[in-house]
Each structure stands twice: as structure tokens, then as C-alpha cells.
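Working from the sequences, and respecting the hints, build out all of it.
Counting from 1, position 466 in the sequence shown corresponds to residue 479 in our numbering; the numbering is continuous, with no gaps.
There is no bait here: all hints are sound.
Straight-line distance between alpha carbons at most 25 Å, and here's what the computed DSS-like set of lysine-lysine pairs gives:
no.	residue 1	residue 2
1	Lys125	Lys358
2	Lys325	Lys125
3	Lys387	Lys464
4	Lys362	Lys125
Treat the hints as calculated values from the structure; they're not laboratory data. Values in this document were obtained by computation on a predicted structure and should not be read as measured data.
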Amino acid sequence: MMKKYFILILVGWMVINLKVWGQEDIPLKYGAQRVGKRTDPAMQQWRDNRFGQFIHFGLYSILGGYYNGKCYDGAAEWIQSFARIPGSEYEKLAQQMALPEYDAREWARIAKNMGVKYAVITTKHHEGFCLWPSKYTDYTIANTPYGRDFLKEYVEAYQAEGIDVYFYFSIIDWHHKDWRSTVKNESDSLAFERFKEFTLAQVEELMTDYPAVKGFWYDGTWDPSMVKSGSFTYDIEKKMRELNPDIICGSRLRVDERGARHFDSNKRLMGDYEQGWERSLPEKPLANDWEAVMTIPENQWGYHADWKGHVKNADEIIEMIARATSLDGNFVLNFGPKGDGSIRKEEQKLAEEIGKWMKVNGEAIYGCGMASFKEQKWGYFTANKKENTLYMIVTHHPASGLLKVNVPQGTVIDRCMPLNATRPLKLQKSTKNEYVIEAPRIEKDGIYVLKLTLKKGDSVGNYVAPKM
Numbered sequence: 014m015m016k017k018y019f020i021l022i023l024v025g026w027m028v029i030n031l032k033v034w035g036q037e038d039i040p041l042k043y044g045a046q047r048v049g050k051r052t053d054p055a056m057q058q059w060r061d062n063r064f065g066q067f068i069h070f071g072l073y074s075i076l077g078g079y080y081n082g083k084c085y086d087g088a089a090e091w092i093q094s095f096a097r098i099p100g101s102e103y104e105k106l107a108q109q110m111a112l113p114e115y116d117a118r119e120w121a122r123i124a125k126n127m128g129v130k131y132a133v134i135t136t137k138h139h140e141g142f143c144l145w146p147s148k149y150t151d152y153t154i155a156n157t158p159y160g161r162d163f164l165k166e167y168v169e170a171y172q173a174e175g176i177d178v179y180f181y182f183s184i185i186d187w188h189h190k191d192w193r194s195t196v197k198n199e200s201d202s203l204a205f206e207r208f209k210e211f212t213l214a215q216v217e218e219l220m221t222d223y224p225a226v227k228g229f230w231y232d233g234t235w236d237p238s239m240v241k242s243g244s245f246t247y248d249i250e251k252k253m254r255e256l257n258p259d260i261i262c263g264s265r266l267r268v269d270e271r272g273a274r275h276f277d278s279n280k281r282l283m284g285d286y287e288q289g290w291e292r293s294l295p296e297k298p299l300a301n302d303w304e305a306v307m308t309i310p311e312n313q314w315g316y317h318a319d320w321k322g323h324v325k326n327a328d329e330i331i332e333m334i335a336r337a338t339s340l341d342g343n344f345v346l347n348f349g350p351k352g353d354g355s356i357r358k359e360e361q362k363l364a365e366e367i368g369k370w371m372k373v374n375g376e377a378i379y380g381c382g383m384a385s386f387k388e389q390k391w392g393y394f395t396a397n398k399k400e401n402t403l404y405m406i407v408t409h410h411p412a413s414g415l416l417k418v419n420v421p422q423g424t425v426i427d428r429c430m431p432l433n434a435t436r437p438l439k440l441q442k443s444t445k446n447e448y449v450i451e452a453p454r455i456e457k458d459g460i461y462v463l464k465l466t467l468k469k470g471d472s473v474g475n476y477v478a479p480k481m
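In C-alpha cells:
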């Protein structure tokens with residue numbers, strides 16, 4: 014009896030203190046639909062892909078950051094807003110969309126040769142123009158000189174190259190008469206409800222007409238009207254999963270009923286992976302799946318005629334891909350094709366340089382993730398758990414010619430091989446937790462990969478050595 018009484022007191026004490034400490038769950042109707050990572054094959058494929066391409070393309074691509082002779086340095090896809098272009102004037106750009114240089118197969122070939130395994134394309138950006146012949150609006154590719162289904166050609170071309178296709182979709186729609194940034198009165202409320210119906214219909218249309226799509230990359234849920242529409246973002250995700258249970262949806266879509274975005278008011282991720290990493294990477298491992306999206310210049314997504322400031326080179330991009338993989342994340346590189354449908358020469362050159370590296374070293378990226386070795390000054394570790402393989406991605410070749418590798422207590426390295434080599438590198442034990450590897454000779458500064466074999470049966474966190 015005393016034992017039972019003691020347990021009741023203890024439970025009561027825990028409940029009281031959880032309330033005091035703020036750890037008790039807030040009741041939410043439109044919060045996270047799941048706790049923890051997805052474990053299904055579709056989500057694992059998303060992880061294994063690791064490296065993707067982003068395509069920003071729309072009417073803004075025709076202007077290239079210029080309007081009436083003036084250059085606007087902000088992100089080019091926002092030029093309608095930056096330049097305060099009247100809707101009636103902006104709409105006329107559709108009659109310039111002839112796309113004489115567009116070849117979906119060429120786009121897909123460039124992406125394939127760069128080494129990407131998935132690609133995201135802007136089906137509709139904030140401007141509201143649709144790259145598919147939507148039956149819910151006339152503001153589409155069907156009513157341009159090009160006239161054909163741009164999106165269909167794109168999907169088929171990328172699929173033919175074995176690249177998974179994802180759709181970007183903007184919730185914001187500056188062109189639609191019922192879009193409201195804020196809802197101020199009953200008239201706004203009625204209009205915004207009509208807009209929600211329109212949006213949901215377009216999402217269903219995209220999933221139905223393009224069943225190959227693997228997932229959606231949503232944008233534009235930060236305006237006050239959407240922050241107060243948690244139920245609507247919940248309904249979109251619910252509808253998507255009804256149509257395809259394997260569909261993948263990032264966190265940018267979701268808002269709960271208390272206005273929390275990405276993570277609900279209980280700090281639980283909404284959607285399948287975190288999308289808060291725009292033009293940045295985390296400093297340490299995260300508890301959830303995540304993806305970083307990166308521009309080549311500082312902040313240009315859609316085509317801008319002028320690339321100002323620092324423009325990233327291939328080694329910078331490769332190092333970011335390596336870092337993202339070492340932290341169990343995905344990395345997506347943005348391209349902004351020109352208004353004529355061609356891909357700018359600078360992007361093509363960069364894609365070629367990255368692709369050359371990925372052809373040789375991609376096995377250290379695809380299907381790989383974090384190894385529980387601490388970060389090293391020379392670069393990053395990645396591990397392929399399925400194949401029980403550990404990699405060193407060396408981004409900073411040591412001036413001494415010696416790579417010092419710190420390992421967890423008790424770990425034994427048996428061999429270190431450069432990729433595509435037939436001879437192992439000289440390997441010596443330095444201290445109880447450090448090895449010294451004689452680095453390979455390289456003709457010029459560059460990023461290279463070494464493959465490590467650990468002692469038979471060794472297990473190191475995410476990495477398990479092969480039992481030979």
C-alpha cells in the first residue's frame with residue numbers, strides 16, 4: 014500500500030514539474046504529423062541521393078534583373094516586387110516566352126554529368142506564372158509563343174537520365190485576384206478561402222498529371238495570412254499523402270495553429286526534412302533530416318544578367334557537398350537559366366568541373382552519411398553503412414605531406430587506399446588515438462578521397478567495419 018502511495022506522489026510531482034519546466038506538450042491539432050525520422054524506402058532514397066540541382070525559371074528569367082534600363086540587385090525572381098511592376102505590365106512578359114534555346118534533354122544531360130541524383134524545379138514562383146498548362150488559370154505556359162507543356166518535357170528528360178524529380182511550388186501568388194498577404198476584413202476572408210481552394214486544386218493537379226514527382230518544395234508561408242492558416246497547410250500535406258503515401262514534403266510548407274513554422278510549438282519537425290538551411294550549412298549534426306540549398310553567387314536564384322560579388326568555384330561547392338554529407342544532410346545547387354531557355358556558360362562550366370570530381374569520388378557521397386569520428390582539420394569523414402565503408406574527404410592537403418587521423422578509443426585502422434588506386438598508403442600509429450598517413454602526391458591543390466579499412470569487427474557509431 015505504501016509503495017502504491019509513493020508511486021502516486023512521484024507521478025504527481027513529475028506532472029507538476031513538467032508544467033513548471035515547460036516540458037509538457039502543448040495540445041496541437043495542426044502540429045507535426047509524425048515524431049522522428051521516416052524509415053521507408055522512399056525517404057531513404059532521398060537521403061542516399063545526397064546531391065541535387067535546383068532550377069529557378071519563370072517570367073522573371075526574361076528580365077534578368079533589369080527593368081526599364083535599371084538593374085535590381087536583389088534576387089531576380091522578386092523583380093516584380095522590387096521594381097513595383099504593375100501586374101498588367103508584368104503579364105505581357107508571357108508573350109516574350111518563346112524559348113528558342115530550351116532543350117529539356119540538354120538541361121538533363123548537364124545535370125546528369127554534374128552528378129546530381131535529384132532535381133527541384135519552380136513549377137510556379139511568387140509571380141503566379143505556371144510552367145504547366147493548369148486548368149485553373151490562364152496564366153500558364155500554354156498561352157505563350159512556346160505553347161507546349163514545359164514541365165512535361167522537363168520531367169520526361171530528367172527521368173530518362175535517372176534523376177528523381179521534385180516540384181517547387183509557391184503558396185504566394187501575386188497574380189491571383191484572391192491572394193491576400195493579410196486578411197483585414199470579411200471580404201478578404203472570403204477571397205482567401207477561394208484562394209486556398211485554388212491552391213489545393215493546383216497541388217492535386219500537379220500530383221495527378223505528373224505522377225513521377227517524388228516530392229514538393231513549398232515556399233511562401235511567412236505572410237500573416239498564411240501564418241494564421243495552420244489548418245490549411247496541414248490539409249495540403251494530408252491531401253498529398255492521400256494521393257501518394259510515399260510523397261516527400263519539406264518543412265517550409267507547414268505552420269501550426271499557433272503560428273510556428275518548420276517546427277511546431279512543441280519543437281517537433283513538421284514535414285519530412287528541415288528546410289531552414291538556405292545558403293548555409295549547420296555547424297553540427299542535427300536530430301532530423303535536413304537539406305541545404307545553395308546559390309552560386311551570393312543571392313541569385315532566378316537568372317540575373319550580372320553576377321556581382323563572390324562567385325563560388327567548384328572546389329567550394331564540392332567541399333560543401335562533403336560537409337553536408339558528413340553531417341547527414343543533402344546539398345542542392347541552384348541554376349537560373351536564361352529567358353531564352355539556355356543555361357549560362359558559367360553554370361555549365363561549374364557543372365562540368367563538379368561532375369568530373371563526382372565521377373571519381375561520388376562513392377564517398379551517394380548513399381553515405383555521418384561517421385562518428387570527430388571533425389578533422391584536413392576535411393571530413395563519411396560512411397556508407399550499407400557497404401560498411403569509411404571515407405576521408407581531404408579538402409586541405411597538409412603542407413607536411415602527412416595526414417593525422419584522430420580515431421575513437423580502441424579503433425584500429427588496417428589500411429588506407431586512395432580511390433581507384435592499387436597500392437595502399439603508408440600508415441603508422443602515432444599515439445594511442447592517432448594515426449599518421451603518408452598523403453598521396455597531388456599535381457595541384459584539389460579535393461581527394463581516401464578509403465579506410467578498420468580492424469575486422471570494429472564498430473564505430475554509424476560506421477561498422479566489415480567482418481572479412
